Amino acid sequence: MIEVKLKKKLFTFELNVDLTIQGNDFVSIFGPSGAGKTTILRLIAGLDKPDSGYICVDGKVWYSSKDNIDLPVRLRKIGFVFQDYALFENMSVAKNVEFALESKKDSGYVDELLELVNLREYKNEKISLLSGGQKQRLALIRALARKPKVLLLDEPMSALDWSLRATLQDELLFLQKKFNITAILVSHEISEVAKLSDYIFVIKNGKITKHGKPQAIFDIDTNNVNIFGTVIDKKASDLLGILKVLIGNSIVYIPTNKNQFSNLSIGDKILITTKAFNFSTKKIILD
Amino acid sequence: MSDFLLPLYLTFKLAIIATVVLFFIGIFVAYFLAYTKSKLRFVYEALVNIPLFLPPIVLGFYILVIFSPASFLGKILEYFGIKLVFSFSGLVVGSILYSFPFMVNPLVSGFRALPKSLKEASYTLGKTKLETFFKVLLPNMKPSILSAVVLTFVHTIGEFGVVLMIGGNIPGVTKVASIAIFDASMALNYKLANFYSLVLSLVSLSFLMFVFFINKKFVSNDRS
Chain A
1 MIEVKLKKKL FTFELNVDLT IQGNDFVSIF GPSGAGKTTI LRLIAGLDKP DSGYICVDGK
61 VWYSSKDNID LPVRLRKIGF VFQDYALFEN MSVAKNVEFA LESKKDSGYV DELLELVNLR
121 EYKNEKISLL SGGQKQRLAL IRALARKPKV LLLDEPMSAL DWSLRATLQD ELLFLQKKFN
181 ITAILVSHEI SEVAKLSDYI FVIKNGKITK HGKPQAIFDI DTNNVNIFGT VIDKKASDLL
241 GILKVLIGNS IVYIPTNKNQ FSNLSIGDKI LITTKAFNFS TKKIILD
Chain B
1 MSDFLLPLYL TFKLAIIATV VLFFIGIFVA YFLAYTKSKL RFVYEALVNI PLFLPPIVLG
61 FYILVIFSPA SFLGKILEYF GIKLVFSFSG LVVGSILYSF PFMVNPLVSG FRALPKSLKE
121 ASYTLGKTKL ETFFKVLLPN MKPSILSAVV LTFVHTIGEF GVVLMIGGNI PGVTKVASIA
181 IFDASMALNY KLANFYSLVL SLVSLSFLMF VFFINKKFVS NDRS
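Just so you know, the sequences run in chain order A and B. Going left to right, the first sequence walks through residues 1 to 287 as our numbering numbers them. Going left to right, the second sequence walks through residues 1 to 224 as our numbering numbers them.
These aren't lab readings, by the way, just hints derived from the structure by calculation. All values reported here derive from a predicted model rather than from experimental measurement. We put the CB at the ideal spot given by N, CA and C, even for glycine. It is possible that part of the hints are untrue.
So the derived label-pair ranges between C-beta atoms look like this [as the list claims (entries may be wrong)]: (1) A/Thr20 with B/Phe213: 57 to 65 Å; (2) B/Glu131 with A/Lys126: 15 to 23 Å; (3) B/Val20 with A/Asp84: 32 to 40 Å; (4) B/Phe42 with A/Lys210: 39 to 47 Å; (5) B/Phe42 with A/Thr12: 26 to 34 Å; (6) B/Leu208 with A/Leu10: 23 to 31 Å; (7) B/Asn215 with A/Ala216: 53 to 61 Å; (8) B/Lys217 with A/Ala216: 52 to 60 Å; (9) A/Asn249 with B/Lys129: 41 to 49 Å; (10) B/Phe28 with A/Ala216: 49 to 57 Å.
Can you build the whole structure from these sequences, using the hints too?
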């Protein structure tokens, strides 16, 4: 279990959060940009200092302003995946992973880890030759290599395109379960958060405004089909309003009643629910 | 060694020693300057850059005064048998002070150009500051290191004012090529002055071309 109580004065507001996270859960901190999400991760990692607070992971105190405890970053057993991946360009793919291990020369274990993310055949390649998705996978497996107690993910997929994200989200869930590790994800992407999380904290201006399971947070009825989208345009007609909605990387027109229509503005995130299970599917053949 | 090659030998010996010593001092000073959160950083930065703005002869004059056997520091050094005025070791000390910004500034830029996450990622992987410094930071700023080393070397080769003030003009000890050029010109021996000048120009030019060539290679590697 992870207990986090943190206070820190930020530029325009004070971050003041109190989180209790169950062991081995996949937890998301969700909110708009600039709400203090990344700061929470950095404070847990020890990369920034809070003004006051308390961080306790599995019974071990990492930080306590009251007792003057402040474990340095390298002694907190964390795995951190940075937004820009922070891979070491001076090392090969395998060396990046090996760097994370406490005892070197266990090349069998490095191979095993690279195999998990389909990078074994690239083990001797330079970092600059990897694709965006491969870099993301390498950053993830490097963060997991020293078997940390908690995996911290700072918008790890924001630089990747939609089709790739879906695959990597599945891989991320698989690895989190395989390593049996608590994960904390920071994201402003509803679909990502809803898909991955066991539990969600919604944050705004440095305060937790809501927390709970995704179904409760996003008002999801699990018997329906739920799709998240963003309103990018709206057109009124006589009886209905037509919303132009971005779902993943496709644009869909959705009719709404007048009442709902007037409540929505461009840029709003919406949950589209459909009850009827009368889908027809067709395989897409590319080229 | 024939007498007319001696100034060139002294020049390159001086440049190599000054560059090597300055590299080891400069890399730590640059690290400190790049990451310090001290409010006095502007003071440190100004101090490092003084040699850029001071006439070399002024710098040489102060070093001469500070290290002269009559001064306090000079007396201490003399007690330990070290004589810096009119000696080769004095030239090394003078060159280090004179070339300080040429070593430190490119290294500071190099450190600052590295993404902050690189250093932080290394810490989160359980590494100490020292391991991070040698295994992550330095290897990822090779172009800056090369620029700093070559600029310092070329700059030291060409110095005149500082060397003249501290070292004087003692053949085989402190008479480096730049002073030999001055000497030869004054004696109307333009042939000799031209020879030294040509060697210094060609060496400087080829070193700089080498830096630009290598840096271009680093950049194009990143883009591929």
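Against the structure, the hints come out as follows:
no.: 1; hint: A/Thr20 with B/Phe213: 57 to 65 Å; in the structure: 58 Å, holds
no.: 2; hint: B/Glu131 with A/Lys126: 15 to 23 Å; in the structure: 22 Å, holds
no.: 3; hint: B/Val20 with A/Asp84: 32 to 40 Å; in the structure: 35 Å, holds
no.: 4; hint: B/Phe42 with A/Lys210: 39 to 47 Å; in the structure: 46 Å, holds
no.: 5; hint: B/Phe42 with A/Thr12: 26 to 34 Å; in the structure: 27 Å, holds
no.: 6; hint: B/Leu208 with A/Leu10: 23 to 31 Å; in the structure: 46 Å, violated
no.: 7; hint: B/Asn215 with A/Ala216: 53 to 61 Å; in the structure: 56 Å, holds
no.: 8; hint: B/Lys217 with A/Ala216: 52 to 60 Å; in the structure: 56 Å, holds
no.: 9; hint: A/Asn249 with B/Lys129: 41 to 49 Å; in the structure: 43 Å, holds
no.: 10; hint: B/Phe28 with A/Ala216: 49 to 57 Å; in the structure: 55 Å, holds
In this structure, only the earlier hint numbered 6 is contradicted, and the remaining ones agree with it.
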